[in-house]
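Just so you know, we're using the UniProt record's numbering here: the sequence shown kicks off at 1 and counts up by one.
Keep in mind the hints are simulated off the structure, nothing from the lab.
Check before you lean on any hint, since a few could be wrong.
What the hints assert, rightly or not - Derived SDA-like pairs (lysine to any residue); straight-line CA-CA distance at most 25 Å: (1) K352 - Q222; (2) K19 - P172; (3) K352 - L339.
Note that the coordinates shown come from a computational prediction; the quantities given were computed from them, not determined experimentally.
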Amino acid sequence: MTESTRWTAAEAAARLGVKPETLYAYVSRGLLGRVRTSGGSTFDPVEVERFAAARRRSAPDRPTVVIRDGRAAAGPQITIDTDVTLIEDDELYYRGRSVTELARTTRFETVCHWLWTGDFADPVRFRPLPGAIEAVRPVLTALPAGARLSDRVQVMVPVIAGADPLREVLAPESVAVRVGALLATLTAGLDDRGSVIHRDDQPDLADQLAAALTGNPDAPRQLADCVRAALVLLVDHDLAASTMAARTAASARADPYAVVLSGLGALDSALHGNASRAAYRMLSAVRAGDDARTVIARMLAGGRAGVPGFGHRIYRAADPRAELIFELLAGLEGAEPALDAAAAVSGIVADKGVIFRNVDLGLATLALAAGMGEDAGEVIFSIARIGGWIAHAIDEYRQTPLRLRPVGRYVGP
């Protein structure tokens, strides 16, 4: 085959209907071959066509949904082009890069900054917005004693927004700076003692979050590494419910703080961001000595549709996020009792069929092993996902305003 008969990367991506980043993700996984030339990579058209046909055969049907009588026929109601995340063959990629590899090697701040700006600069350090920490302290003090950590996150956002005179500036560079400051302030506000704020020996947000959630300013490095990996793994997951809520707000040109609040509202759900809490309770009971089968039966008797922390509608055989968290926890001192509890539950679930553990079980095991509270997993989830919501918001700010406005089908009198 001559060079003139081969396709450029742009031509191959156009034929497959994907972004160039996705095309190169296929290459990195060995699904497509390429030849490097002085003018860039080239692709064999026959191989590309064969790959396209294979994708069509393996892709699930995704019919348009009509909601009638409160029931959806099947599949998603809307499909939106996104260049943030690809989920395929039980693997997760951010803009063509393996997320599990990023989680092993890259700081959370770096991943966020890259997704927001396209710049993979390191080190990136997030600093609280001046005056914001002082503004949130009295609000947090006024919360009821039974308030969850996620409640603290949700009430801090509008207070921090009120301290930002440039909140309505939607330029990507401004949004990146301000949301970095938001994340730093939220993390600082989660620590009642304030001892981790501005610590020069703990520059990473993951270190500060690990200290805040354990109440230990000297949280071990291995634990901070586990938290850091979890944050990177949870930044984005395609158009989950909270991401769609955040993106819809951005379509209406809501400012970044309002975008985050929209996402937090949808995330605060037992079917989404709070799922690790039930898994934590289950593991805690097993670690305390309760029989695993009895604990599972008790949870299912309460009306749950499944065992918390297992299965996922997106993955077929494994959740790569969970697998990496458990791999890292195996090296964390003192994690054995929590890991044993997770293994006991997993063994029983496996006996019932091929149901894999998901990231919620990973978060619950991490929180239990580290001595964090039952709501720590959802806080890690929410802090991480803010990074993804803003990546989607920045993209949506470039689109036609109010384009994400569905049309209802009137069925009233």
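Task: Hint numbers not upheld by this structure, sorted from lowest to highest - done: Hint 1 is the one this structure does not satisfy, whereas the remaining hints hold.
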